[in-house]
Amino acid sequence: MTNETTATTTTGRSTPAGETNVGGSATGTRPAGPTGRGLIADATSRHERSAVPVQTRNERFSSTDVTAFPPVTGREAGWKLTPVDRLGALIDGELDGGRYPITVQGDGASTVGWSDRTDARIGTAGIPEDRASANAWSHFAEALDIRIAGEEPVHVTVRRDRLGSTPRAAHTIIDVAPFARAVVVLDNAGEAVLAENVEILVGDSAEVTVVTLQDWADDARHVANHFARVGRDARLKHVVVSLGGLVVRVNPAVTLAGSGAEGELLGVYFADAGQHLESQVFLFHQADHTKGRVEYRGALQGAGAHTVWVGDVLIGPDATGTDSYEQNRNLVLTDGTRADSVPNLEIETGDIAGAGHASATGRFDDEQLFYLQARGITEEVARRLVVRGFLAAVVQKIGVPELETRLHDAIEAELAGEPR
Amino acid sequence: MSTLTIADLHVSVETDQGTKQILRGVDLRINEGETHAVMGPNGSGKSTLAYTIAGHPKYHVESGAILLDGEDVLAMTVDQRARAGLFLAMQYPVEIPGVTVSNFLRTAKTAIDGEAPAIRGWVKDVRESMAALRMDPGFAERNVNEGFSGGEKKRNEILQLELLKPRFAVLDETDSGLDVDALKIVSEGVNRAKANTGLGVLLITHYTRILRYITPDFVHVFVAGRVAEEGGPELADRLEDEGYDRYVGEPVAS
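The listed protein sequences derive, respectively, from chains A and B. Using our numbering, you'd call the opening residue of the first sequence number 1 and step up by one each time. Using our numbering, you'd call the opening residue of the second sequence number 1 and step up by one each time.
Worth flagging that the hints you see were computed from the coordinates, not collected in a lab. Glycine is no exception: its CB is placed at the ideal position from the N, C-alpha and C atoms. It cannot be assumed that every hint is accurate.
Here's a subset of chain B near chain A, in silico, CB distances under 8 Å, partners left out [to be verified]: (1) V78; (2) D79; (3) R83; (4) L88; (5) P93; (6) P97; (7) G98; (8) Q160.
Non-contacting residues of chain B with respect to chain A, defined by C-beta distances greater than 12 Å in every case (computed) [claimed, not checked]: (9) D8; (10) G18; (11) A82; (12) R212.
Modelling step: build the complete structure from the supplied sequences, incorporating the hints.
Below is the structure:
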């Protein structure tokens, strides 16, 4: 067994052009770590490595019962980078688990309804591994049930923009039948204090894109755990876009359960002053010949902007012939920001096609700015071009044109400092 | 007639070892349509002159002036200088990930002209300039300088020169790293721009090779941060034969 743990923290406080790079790869029985080549360009970057993590990633305690978890102190591995004091009720308190207003746009062979919490599918994609997730699970009354069937492409958007400021619990099932093809968008806006779990069941040979867009109001708090189980020869593209909200933590856990399954996990985030945007990603290669790609990109601007990306990839003992790569890149636009980036790779079989990870956090490049300005482009426009270009590398992979346009517009608005 | 005037220019740069004086009183006057070659050994301050004209923040002007038709260039920001008609073709053009050449060119043209170019004429101009520089049409959709070869980067610089139509262009070692075919293509591009717009050129080079294809009206030899000798094209021929050895005996900047 091979383990790698690499943590990088880059703070935007008075750092000169600082870039931290971590590169690593492992093939065959060759141990992957230590990966070395950690490049630290400034004194405020921290670079830590421990050869053996506490436990294998899929051995974490899990339960649907909130009382089975000890109270959260903020020192736990899964919470230490999160401002738990700002999440309050979502971790410990009473939550309203009833129905909430939604607006559905759907076509083709899709249905959107509510199912009882005793539904047999619930819990089949994953079980909570932290107290907030279990708190949501303990409180929800009915699950929002999105079902996709047939073999023709289906597009479903569920807009949630009237959740209000009452602390809520929610549960969603996205159930994609074998051979079905779909794009499912969870479009979140307005006020929210929400803890939720989303289960994504991808049937054999199905192909689905699930996008969760967090475009919440400024004071919203949102803690989400997504659990996905991807069947044989099926393909899941999972996209997390976090733009608005005070504290937004969306943690996807994807299991490539069937032979030949593919998971592409994408994320785009833009943190403004005072915002905390987080994703702890877990990709589990359980079956053989599975392929995984994880790419998250974020930009940070303004005092107190904080982003967290943790990327855990586990290649299990049966996952021979696996091909996996994960990366996180952050672009720091101003002083006073902080980007945490922690890639972890565990490999439990000696026979893989490839595995690697990368993480880089860099300042806005003054030479790029000079080059663009030397062509007559103002600093403001140059900045916008560079940031948009940086994030476009992920946005262009989403594959939903109308969403890409909307995200480009949203990113422009963030850069222009317009109220959202 | 447009004129770019550089008068008694002193420039320093901050290094780890402290302030380092690079230019020690440079005087140059370029009229539109003229081509001035600035030649000199490594470290003589040629590139510093180029970047100072463009306004790179790394270089600190201690005294002297740069005037474009009497207007104070040193008081302008980098982008204002470009909009005033100055252009720097860089020795090491920077990669801009996620920004296509086509998007970049249109954004720059819009900034320089103060309005977006009429779409049909613009697309045609871009296509023709690219064809003249033997650039594949697919080039327009690649990200700026990302994965470009050395020759492609230089052609991309000259493409911008042709499309943005500045009044004065500083070419900073545009010939370095080019094979003879690419050197001819790039030189033709510069000559076309001169013929079409009356461009004034400050051609900075270490070698005389490019002067076979772009004929200078004046040659200035830079040594230790100032002009050591000036003359016509025949001076370049002499440098070709004799090299810079003749000047090395003079006091050189540390």
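Starting from the hint list further up, note which numbers the structure goes against and sort them upward. 11
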